Each structure stands twice: as structure tokens, then as C-alpha cells.
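Q: Following the hints, complete the assembly by docking chains B and C onto the known chain A.
So the sequences go chain by chain: A, B and C.
Read in the working numbering, the first sequence has 205 at position 205, and its numbers run on one by one without any break.
Read in the working numbering, the second sequence has 189 at position 189, and its numbers run on one by one without any break.
Read in the working numbering, the third sequence has 16 at position 16, and its numbers run on one by one without any break.
Note that these hints are calculated values from the structure, not bench results.
Treat the hints with caution; some may be incorrect.
Stated by the list, open to error - Example chain A residues on the side facing chain C (calculated, C-beta under 8 Å, incomplete):
#1 S172
#2 A209
#3 L334
Unchecked claim - Think about it this way: if two alpha-carbon atoms lie no more than 25 Å apart in a straight line, the pair counts; the simulated DSS-like pairs of lysine-lysine are:
#4 A:K328 - B:K328
#5 A:K328 - C:K319
#6 A:K258 - A:K192
#7 C:K192 - A:K261
#8 B:K343 - B:K319
#9 A:K328 - C:K328
#10 B:K343 - B:K328
#11 C:K127 - A:K93
#12 B:K192 - B:K261
#13 B:K192 - C:K93
#14 C:K44 - B:K258
This structure is a prediction, so every number in the text was calculated from the model and none was measured.
Ideal placement from N, C-alpha and C gives every residue a C-beta, glycine not left out.
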Amino acid sequence: MSRTLGDLAALVGGELKGPAHLVISGIAAVDQATPQDITFITGKRYARLAETSQAAAFIVSPEYAEMPRPLIVVPHPYLAYARIAALFMPPAKRWPGISEQACLGEGVELGEEVSISPFVCLGDGVKVGDRSTIMAGCVIGQEVVIGSDALIYPNVTILDRCWVGNRVIIHSGAVIGGDGFGFVPTPQGFHKIPQLGVVVIEDDVEIGANCTIDRAALGETRIGRGVKLDNLVQVAHNVTIGEHSIIVAQAGIAGSSKLGKQVALGGQAGVVGHIELQDGVQVGAQAGVTHSIPAGQVVLGSPARPHREFLNLNAHFSKLPEMYQRLKNLEERLQQLTAALSKETES
Amino acid sequence: MSRTLGDLAALVGGELKGPAHLVISGIAAVDQATPQDITFITGKRYARLAETSQAAAFIVSPEYAEMPRPLIVVPHPYLAYARIAALFMPPAKRWPGISEQACLGEGVELGEEVSISPFVCLGDGVKVGDRSTIMAGCVIGQEVVIGSDALIYPNVTILDRCWVGNRVIIHSGAVIGGDGFGFVPTPQGFHKIPQLGVVVIEDDVEIGANCTIDRAALGETRIGRGVKLDNLVQVAHNVTIGEHSIIVAQAGIAGSSKLGKQVALGGQAGVVGHIELQDGVQVGAQAGVTHSIPAGQVVLGSPARPHREFLNLNAHFSKLPEMYQRLKNLEERLQQLTAALSKETES
Amino acid sequence: MSRTLGDLAALVGGELKGPAHLVISGIAAVDQATPQDITFITGKRYARLAETSQAAAFIVSPEYAEMPRPLIVVPHPYLAYARIAALFMPPAKRWPGISEQACLGEGVELGEEVSISPFVCLGDGVKVGDRSTIMAGCVIGQEVVIGSDALIYPNVTILDRCWVGNRVIIHSGAVIGGDGFGFVPTPQGFHKIPQLGVVVIEDDVEIGANCTIDRAALGETRIGRGVKLDNLVQVAHNVTIGEHSIIVAQAGIAGSSKLGKQVALGGQAGVVGHIELQDGVQVGAQAGVTHSIPAGQVVLGSPARPHREFLNLNAHFSKLPEMYQRLKNLEERLQQLTAALSKETES
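So that you can see chain A by itself, here it is in the shape it has in the complex (with noise of 0.2 Å):
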């Protein structure tokens, strides 16, 4: 698995400044690559590392272009690096075919080189396109839909009626499609509201291990095209997120909020429902997002407020005891100054 550094310099559409038949075996950390490997500078802390770094080649901005190193100039290094690392990808096996070992419903229909591995359950009806791919484990409920090319890791769940893009990879564990949480409460407890409605996921979205998305109650619960989620996400029925929207570990929509598109969500961050958040809003780690938010604000905080607003907030709040010694300080010498004044009315 070589490349010459030539080679690769081309892959990228990279200046090549340095042996072109330079043999680079791997890539790695700037601080941890060998002789062997390539590595990548995307800023100025591992500029520095690069001195000592013992890579064969490095992949630079042209900001970089002088380094006294092999090296493949590109505009974006970090695009580039992306581009080659996938070279570099130790191969994973795919079960050839059709596992005697899993259970398919009837009606259910394959595309070309499909691969199922042991112990997956497909339901009746399912259909899978070309190419696809789902790993030992998975529960695929019945007449749902997979794309071409999608990537399915072990043990995931996918139940009746959900559809699946094309290229979409979803991580082990995650469970699409179970109920949404509804319930009309009556004095004799919470009554179920049947959830009729699917889950949509559109082409080239990536769901983290262990998420849940929940199906619609009427409807359909929608994931836009090329939307990323990290692990542990929770997403209730009803929920749109719209086209390259990201969603950071641990956070969580509530029932029937609408994301547009390119919203980011950060860690642990939460969505109350029914709300909007319009196009490029951007949420920090751990806010809590009580009302809708117009296109492009960047919101921080629970309850989360406008990002220099809780900033600003945020700095008075290291300021609170100060203040209070302030106060203090003017109630006394307020105190003073009157008692000092009648006394000389007095006098």
C-alpha cells in the first residue's frame, strides 16, 4: 500500500516540491510520523512540530511552500490530507454476498453485489441498492428502503417503513425509526399515540453510534442531505434538519423542530420542540435552545442568547462578587457622607 510521492501530489492537484520518487507508506501526526510516512501542517502550533517531526513529506498551505522538507504544496491541506489518508485506509473485509447465516423476509430485493453478514435480519419487503453493505447484527424492519452504496456497521436497527439514501453510513448502535414519544395523558395514565409516521434520511448523511431518531407520529421525520451526526444524538419525531447540518455528540432535538440548512449543534447541546432554527444558525456545547432562532446567530448558553450577548453576560457574571463589594462600599460612604452632612446641619 505505496505511493510515491509523486503520486500523490497529483491525487490532490498538489505542487510537488521535493522527490517525486520519494515512497511513502503511511501518514500520521506531524509528532508521530516515522520515515515512512506523510504528515500535514494546518497551523502555526504544528509549523513548529514540523522541525522535529521525522515524516518523509509533508502536505502545506503555500504559506509553508519554503520548508526545507519534501513537501506538496496545496490550497487546503487539510482537504488533501483527507484525500490521501483514504489511500492509506487499511482495507475492511465485506461478507462476499449473502450470509447463509441471515434471515431475509419475503419479497426482499438486492442489488447488485449487496453484501449481508451473519445473524442481519431483513424484514419482508426490504429493498437494498448496489453496493450496499450491512454488517452482522443489524434488525432491518420490514419494507424499508436502503439507497446504493450505504454503509450499515453491526447492530444497528432501522424498523418498518424508514428509508435510507444513498451513501449514507450509519454507526453501530444507532436505532432509526423507533417510536416517538407520545402520550395523552388521562387520569388513568399516559394513553400511547400510535406513531404512524417514517424516517427519512437523505443521500450522504452519516449518523454516530448509538443515535436514535424517531419516527414521525404523522408524517415523516426528516435527515437533509449530507448531514453529519456524531454518536449519542437524539432526534425526536417530527424533526427536520435540513441539507450539511452537523450535529455534535450528546445533543438533542425535541418533537417537531425544523433545523435549515448548514445548522450546527454542539456537545450536549439541547433543542426544545416546536421551534426554527433558520439557516447557519450555530449552537455551543451544552446550550439549550428555548425559542427560534434567525438564519445565521450564533447562540451560547441555557437558556441560550445571542453570542456576544452572553459573552458580555458571562463577564459581568466573573464580576458579581466585585459588585457586591461595590455596592457595599457605596452604601457605606453614601451612609457616611449623609450622616456627615447632617451633622454639619446640625452644628
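A: Same frame as chain A, now just chains B and C:
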């Protein structure tokens, strides 16, 4: 799966206003209903949408009984919707009987019409009540008892000796009866405390996807009758949750804490260990409860405070920059006043 | 499974005060013990309950050595309890040998007395050490190495090339080695960064149910010796957790952060990426750590602050309405004083 409007009205004991023979073939949200669907109105916001709705008929409260459309009038439209929705639920297929690809231990006792899917493991001495369903990939430990009409979704794990009541629903990926988190610190590291207890889940409980409910160190962790847990909820060892409580997604309850009846925990809320939340306590989303709370109290924030106190503090928090400025102004004015007086005295 | 009190005292090296031949057949909490059980006292609160306890005998510290009941007196009753509880643990049945319903890849190497349950998948080249147990529904990726005496509960997923040490316990639903969350934003959407690294779990670690520990982008994510993770914990790519650290449920650690030895994270706490928590740092429940923390410091709140500072700020926060009122009073008094003085001057 079509019904007449008259049948639906009779089912929910509602007043029919419109043609009894009108055929209804589905149920949908007011803004998505087709001319074949029934829908429902639960507030002014939805009533406004009704004017342009294509729905064939509406489930409404007496307040909207004069709407010039086919109606079913009931005191609680939301409950009537839940009942009617159940009729239109697409039938989920149960595995017929016991799959040959399941693995049953010694002394397993199964009731009538039990459904055991492929790749299910039942440990020695497991008992499952009549009409209960255990879906693919579930692993049930030895001597677990599951009641009647229980529904265990795929890839659930229930560990040794736990007890699951009648009509309990457990969603995919939930883990019932993992070890409680108990260690004794020693100079050599943490010494594990064996977790000898069990989890008891009473009748009519629903447990969300990827929840974790730990077994007790000694005795039991108990989830009371009718309790509903949303997804990704953590219940630590020796916790007790009283009847008809409701725990929203990603909330967590630390060890030995006791929740009374009809307690509500908001999403991502946390409760520390060894405290008591009495009957009817309500905890806001992302709140952090650090001490026991008396019956009926509503608490918000982290650390959690009574509802009104929190709102008052939060309102004052927003005024911090203004307060700081007013404090500075006061200091200046007092300074000026003092200076003026001292000048006056001097003169 | 009965023991005499004398045997139990000898086992924990405690002083026996009472009849050596007293038969003990279980262990229970002080308020739930039957006359056949031994119990333990770990503080005044429990000492009071001892008076009415039906327990046959008590494990106590020297402080309680004069209690007029059968006793085992030890310096650390909690540790003695942990050791005695292990005796009364109901035996968990291991699958005898390798199930015929498991699926083993090529070149799998299993040590002596390994237990592999049904519906387990071991990828090519997996190595499992002596006496390790892999329960039903686990999926172990290719070239994974698992040490000796490891215990992998049902439905765990360990992905390719990860490394699990000796005596490691992994609870159900945990996912070890899912892809780290790394993307390069491009005008066409997020470009996935291949995650080439692995997860290394050192000896004596325990991982809670439904935890997610991501593989490194390059290099490794490392969980140090003796670390204990509670349930639903998120550990992002390239994180390092030092020896004997403890992470409570639902906490999360973002990418590339480094925790020293004996660090403690409270429940639902969050740590941002690329920072360092040095040895012995303690983080409160729900805290949000946004920058590196020096050794031994205790931090609370979101954003996290040193313990005393947080408590001081929080105390002042509670006084905000009072401060506001005092500020208003000051303004009025100063106004009155100024008015009075100006009148005086005029007069």
C-alpha cells in the same frame, strides 16, 4: 383499512356532524391531510390551518363544533386522535411462533402465542407471558421474567434475573440490568462492588431506544407502573421511579434517588444520587437537581431552583450589564458630590 | 451458598465479634436485611438504621466496634462489603466453549476456556485470551485483540483492529472503535476524513452500557489502566484518559483532549476538544470544561470555573434581586441627597 366517519365517531364516543358514510382511509396532520384523511384540531394555531386543509373530516373539541366541515366532536380531541390513529397503524408483522434460528436455554417457559424472532437468545429459566413479542437480536439473560403482551423491539438486552411486567414496551438498543456503577477506591485502583440486585419494570411501562437501566447493588432498581422513558435515558442502580412518571430524552438519574408518582423530568435533566423528588415534581430541561424537592414543586436551572426564583434570577441576570453601568454611574455621581461638598467646605 | 461469620471475617481479615459458626446466607442493605443476611455500616445515617435492622451480623469500622450485635470489624467496611458481596453473587452462566451458532472468521485465535455465545461474529484474525467471555450478539471486527479474563456483555460492537486488555469488562450496547467525527467543510458539503486509527483499552478498564468510544483519526484513542466509564459516555477520537480515572454517566469528551491520571468527570459533564485535564482534576456534574485545568483542581459550572469561585459566584447570583433593589435604593437616596443639597445651596 378504510372506515366510515360514523364508525370513527362511534369508536371514540363523539358527536357526528356530517355524513356518517363518508369513507376515511387515513389520518394526517391538518396541513398534510389529503381528501381521504381525517385530521384533528388541538388549538387555535391548528384551527387557522383548518380553513385551507384538504382533510375529509376533523376531530374537534366543542369549541369548534360550528366549523362548516364534517366533524367528530369530543371533549378531548387529542385522545380521540390517538385512538383513531391506532386503527390506521400499518400492521407490524410478528414472527410466527418460535424461530428455529433463536437460541433457547434450559427450562425456558413460553406462554401462548409468544413470538420469538431469529437471533434471539433466551437464557436458562427465562419465562415469557402470553402474546409477548421478542424481536430479532434481543438477548435475555437467565431467569428473566417477562409478562404478557410485552413488546421487546430488536437488539434489546435484558440481563440475568430482571423482571419485566405486562404490556411493557422496550425499544431497540435499551439495556436493562447492566451492572450499577459502584467501586471502592483503593491505593491499587478501583475495587468493583458486585451488583447483586435486579431491575423491576412494572406493568405498562415504555422504555425508549438506547436507554440504560442498571441493576441494583443490593435489592432492586424499580420503574413504576405506567412510567414512560424517552430515548437515551440513564437510570442508575437502586433508583426508584414512581407510577406514571415521565422522563424525557437524555435525562439521567444517579444512584439510589427516588422519584415519586407523576414526576416529570425534562430532556437532558440530571438528578444527583441519594435524593428524593416527591410526587408531582417537575424538572425543566437541562436542569440539575442537587437536593430533594418537595411534592408538586417545579424546578429549573443548574443547580435547580424553584421555578419562580429561577425566572426572577434569570431576568436579573439579563440586567447585569445595565446594573454594572448604573453602579459605575452611582460611584461617579457620589464621587462628584463628595468632591463638590469638600470644595464647598474648603471655600 | 452459605458461609459462617467466622469464614467471612477471615476472608476480609476482620476482627470477629460474635459467634464464628453463625450461618450467613446473603448480603443486603441495612434496612432490607433478613435474619439470614449480613449487612454493613458506612456512616452515621446507616448506624441509626442498624438498631432496627433484622440483619444477622454487621460489617463495621472500629468506631462501631461496641455495637451489641454480631460484628466483623475492619478498617474499611465498604471494601469488606464488596469482597463479601462477591461471594453471594449468583453465578452467571457462561456458554460452554464456542457456540456452533457463532460465526468465526479466518485465522481466529482463541485461548483456553474462552466462551463464545451464539450469534457472536468474530472477524478474521481476531485473538481472544484465556478465560475471556464474549456474550450473545457481540460483533468483533477483524484483527481485534482481546486479552485474558475479559468479559464482553451481549450486543457489544468492537470494530476492526481495536485492542482490549486483560480483565476488561464491557457492558451491553457499547460501541468501541466507531469512526471519529471528522469532516472537512467544502462548498459541496462535508468531506469525510478517513479514521485510520484505533482504540486501545488497557487492563482492568470497565466500560458502561451504550458507551461510544471512537477510533482515532490517526494513532489511537486510549483508555488507561483501571479507568471506569459509566453508561452512555462519549469518548471522541484521539482522546486519552489516564489511569484510574472515573467518568460518570452521560459525560462526553471531545476530540484529542487528554485526561491525566485519577481524573473524575461528573455525570453529563462535557469537555471540549484539544485541552488537557491534568492528574487528579475533578469536574462537577453538568459542568462544561472549555480550557485546560491544572493538576488537582476541582471545577464546576458551565463554563467550568474553579470550585470556590463557582460557589462564590453562585451565592452572589442568588443575591441578584437583592442587589438590584439595593442599587435602586442607592440611586433614590443619592437623588434625594443631591436634590436636598441643591435646595440648600439655592436657599
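Q: For each hint, tell me whether it holds in the structure or not.
A: Here's how the hints hold up against the structure:
Checking S172 (chain A) against chain C by beta carbon gives a least distance of about 4 Å; that is within 8 Å, so the hint holds. Residue-level restraint check for A209 (chain A) holds (minimum Cβ-Cβ distance to chain C is 4 Å; threshold 8 Å). Checking L334 (chain A) against chain C: minimum C-beta separation of about 6 Å stays under 8 Å; hint holds. Distance restraint check for K328 (chain A) and K328 (chain B): the Cα-Cα separation of roughly 13 Å lies within the 25 Å cut-off, and the hinted pair is therefore satisfied.
Taking the CA atoms of K328 (chain A) and K319 (chain C), the gap is about 13 Å. The hint holds against a cut of 25 Å. Between K258 (chain A) and K192 (chain A) the CA atoms are separated by roughly 24 Å; this keeps the pair inside 25 Å, and the hint holds. Taking the CA atoms of K192 (chain C) and K261 (chain A), the gap is near 18 Å; set against the 25 Å cutoff, the hint holds. A hinted pair counts as satisfied when its Cα atoms are at most 25 Å apart, and K343 (chain B) with K319 (chain B) does not qualify at roughly 36 Å.
For the given pair, K328 (chain A) sits about 13 Å from K328 (chain C) by alpha-carbon distance, which is consistent with the 25 Å threshold. This hinted pair checks out: K343 (chain B) and K328 (chain B) have alpha carbons roughly 22 Å apart, not beyond 25 Å. A C-alpha spacing of about 17 Å is found between K127 (chain C) and K93 (chain A), which places the hinted pair at or below 25 Å, so the restraint holds. For the given pair, K192 (chain B) sits about 33 Å from K261 (chain B) by alpha-carbon distance, which is inconsistent with the 25 Å threshold.
Taking the CA atoms of K192 (chain B) and K93 (chain C), the gap is near 20 Å; set against the 25 Å cutoff, the hint holds. With a C-alpha separation of about 21 Å, the suggested pairing of K44 (chain C) with K258 (chain B) holds against the 25 Å cut-off.
Checked against the numbered hints given earlier, the structure breaks hints 8 and 12 and satisfies all the rest.
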